[in-house]
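*Asks:* The primary structure of each chain is shown beneath.
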Amino acid sequence: KAGVTQTPRYLIKTRGQQVTLSCSPISGHRSVSWYQQTPGQGLQFLFEYFSETQRNKGNFPGRFSGRQFSNSRSEMNVSTLELGDSALYLCASSLVQGPGNTIYFGEGSWLTVV
Amino acid sequence: SQQGEEDPQALSIQEGENATMNCSYKTSINNLQWYRQNSGRGLVHLILIRSNEREKHSGRLRVTLDTSKKSSSLLITASRAADTASYFCATQGNEKLTFGTGTRLTIIP
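Residue numbers (the numbering used here), protein chains in the order written: chain W, 1 to 114; chain Z, 115 to 223.
A portion of the hints provided could be inaccurate.
Stated by the list, open to error - Taking beta-carbon pairs under 10 Å as the criterion, some of the chain W residues facing chain Z (in silico):
(1) P8
(2) S51
(3) E52
(4) G98
To be verified - Cut-off 35 Å, straight-line C-alpha distance, at most; resulting in silico cross-link-like pairs (DSBU-like, lysine-lysine):
(5) Z:K140 <-> Z:K170
(6) Z:K170 <-> W:K13
(7) Z:K140 <-> W:K57
Derived by calculation from the structure, the hints in this document are not laboratory data. The model shown is predicted, which means the values in this text are computed figures rather than measured ones. A virtual CB, placed ideally from N, CA and C, is assigned to each residue, including glycine.
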């Protein structure tokens with residue numbers, strides 16, 4: 001079956017703009033989480049959604065937000081973009097929430113802020 | 115913030131040799147997972163070891179976990195050029211994954 005699908009794969013935005021990234025989890029998976037990867041900070045947890053509710057949130061400013069739809073698809077939004085937001089944004093899904101579930105990652109969305 | 119550190123940060127070995135990477139973490143965990151990332155790509159799940167397990171195998175991969183020392187190791191035997199990638203350990207408590215800093219593995223043909 002299809003893996004985790006993220007769109008767009010690459011995008012360039014200007015400082016001050018906003019961006020929306022989309023994630024379609026593996027069919028049947030209900031938990032979706034988002035991570036930011038940068039050379040300096042590594043892989044950082046953004047947030048996790050399960051059954052359309054945010055269950056967990058990382059240490060990021062309020063400019064970073066997300067949501068999950070009834071079909072488990074998820075979007076994340078970053079407003080008022082800063083140069084430091086340039087990163088690979090990874091979406092991951094698992095069957096259910098909670099420890100011990102294998103988490104599958106998408107290919108990521110490369111965001112460049114200029 | 116990172117849960118732990120991986121050692122070494124970079125490793126180059128000849129094809130056919132074994133590669134060992136180590137991961138240390140700071141807090142108690144439910145499980146520890148290893149992932150591979152090819153340059154600029156997503157993460158591929160390799161293996162999950164639970165806190166009550168000490169060793170696990172999957173193909174050419176062998177993972178050990180020592181909860182008393184808060185450390186884990188990943189051994190890749192008979193390495194291949196296709197194993198060239200970055201390898202990350204990730205710990206999981208009750209919910210989110212917390213990743214280590216990663217080891218960049220290069221297999222020399």
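*Asks:* Each hint should be assessed against the structure and marked as holding or not.
*Replies:* The hints, checked one at a time:
1. P8: 14 Å, violated
2. S51: Because about 14 Å separates W:S51 from the closest Cβ in chain Z, which is outside the 10 Å limit, the hint is violated.
3. E52: At about 17 Å, which exceeds the 10 Å cut-off, the nearest Cβ of chain Z leaves the hint on W:E52 violated.
4. G98: 7 Å, holds
5. Z:K140 <-> Z:K170: 21 Å, holds
6. Z:K170 <-> W:K13: 44 Å, violated
7. Z:K140 <-> W:K57: 20 Å, holds
The structure shown violates the earlier hints numbered 1, 2, 3 and 6.
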